[in-house]
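In case you want the letters, here they are:
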Amino acid sequence: DAKTTQPPSMDCAEGRAANLPCNHSTISGNEYVYWYRQIHSQGPQYIIHGLKNNETNEMASLIITEDRKSSTLILPHATLRDTAVYYCIVRVGTGNQFYFGTGTSLTVIP
Amino acid sequence: GAVVSQHPSWVICKSGTSVKIECRSLDFQATTMFWYRQFPKQSLMLMATSNEGSKATYEQGVEKDKFLINHASLTLSTLTVTSAHPEDSSFYICSAEDRGWNEKLFFGSGTQLSVL
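Just so you know, the protein sequences line up as chains A and B, in that order. Sequential numbering of the first sequence, starting at 1, is according to our numbering. Sequential numbering of the second sequence, starting at 1001, is according to our numbering.
Hints were generated in silico from the structure; no laboratory data involved. Possibly wrong hints are sitting among the right ones.
[What the hints assert, rightly or not] Not everything, but these chain A residues come out facing chain B in the computed CB check (under 7 Å):
no. : residue
1   : P7
2   : C12
3   : A13
4   : Q42
5   : Y46
6   : G50
7   : Q97
8   : F98
9   : F100
10  : T102
[Stated by the list, open to error] With a straight-line Cα cutoff of 20 Å, these simulated PhoX-like cross-link-like pairs (lysine-lysine) come out:
no. : chain 1 : residue 1 : chain 2 : residue 2
11  : B       : K1055     : B       : K1014
12  : B       : K1041     : B       : K1055
13  : B       : K1104     : A       : K3
14  : B       : K1104     : B       : K1066
15  : A       : K52       : A       : K3
16  : A       : K52       : B       : K1104
Since we're looking at a predicted model, the values are computed, not measured. Think of the CB as a built atom: it goes at the ideal place given N, C-alpha and C, for glycine as much as any other residue.
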C-alpha cells in the first residue's frame, strides 16, 4: 500500500516555481523517495528520486527533510506542459513493489 | 532514458474473448516488471510483480487465473486478460526496472482495453 500523502490539487502560475509537498511519516531508513508524473492517458514519467540528500536534475529538485518524514518536489519554472498528476512514492529498492498513492493534480495557469 | 514499449495502445474486444498485452524493454534487461491498471480519474493500482523465469506475484484481490502474466525473457512480459468482461475495461500499464539506471522504473505508454 502507498505510504504517502499528497494534496489532491494545486495551481501554479506559468514561469513560477511549483512546490509539491509529500508526507511519508512512516518511511523506513532504507526507503527511497521517488517522484513521477502522469499526463492524461499516458504512462508515468520518471522525474527524480533520492534517499537522504537533496537531489537536482534537469527537470526538478527534490528536497528531503532531515528526519525524512516529508519531501518537496520543486519545478523551478513551471510551463503549461508541466500540467499533470504528480506522484510521490516510497520504496525500499530493487525488485520491490512500487505503489502509487492518489497524487497531486498540478495545473499550470497562463 | 530507458525505453519500455507496450502494445497494443488500444484494443476493443467482445465479451468472453482473451486479450494479450505485450511489454518490452527495448534497450535494457528487466529482471522485474510490474503490471498496473488504472480506472478513469483514479491512481494506478498495482496488479502483479513479474520476475523473469518465475511465477508472478499477484496483489491481494487480483485473480491470477484471469490475469495471466508471463515473463519468459529479460526483455518481454505479457499480460493476458482471459475471458474478458466489460468490467475488465481499463487502462493497463506496464513498467520495467533498469538496475543500470540506479533503480528507476520506466513505464510503457499504456493499453486502453474496452470490452463490449
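> Are there hints from earlier that the structure breaks, and if so, what are their numbers?
Replying inline: 1, 2, 3, 6, 11, 12 and 14
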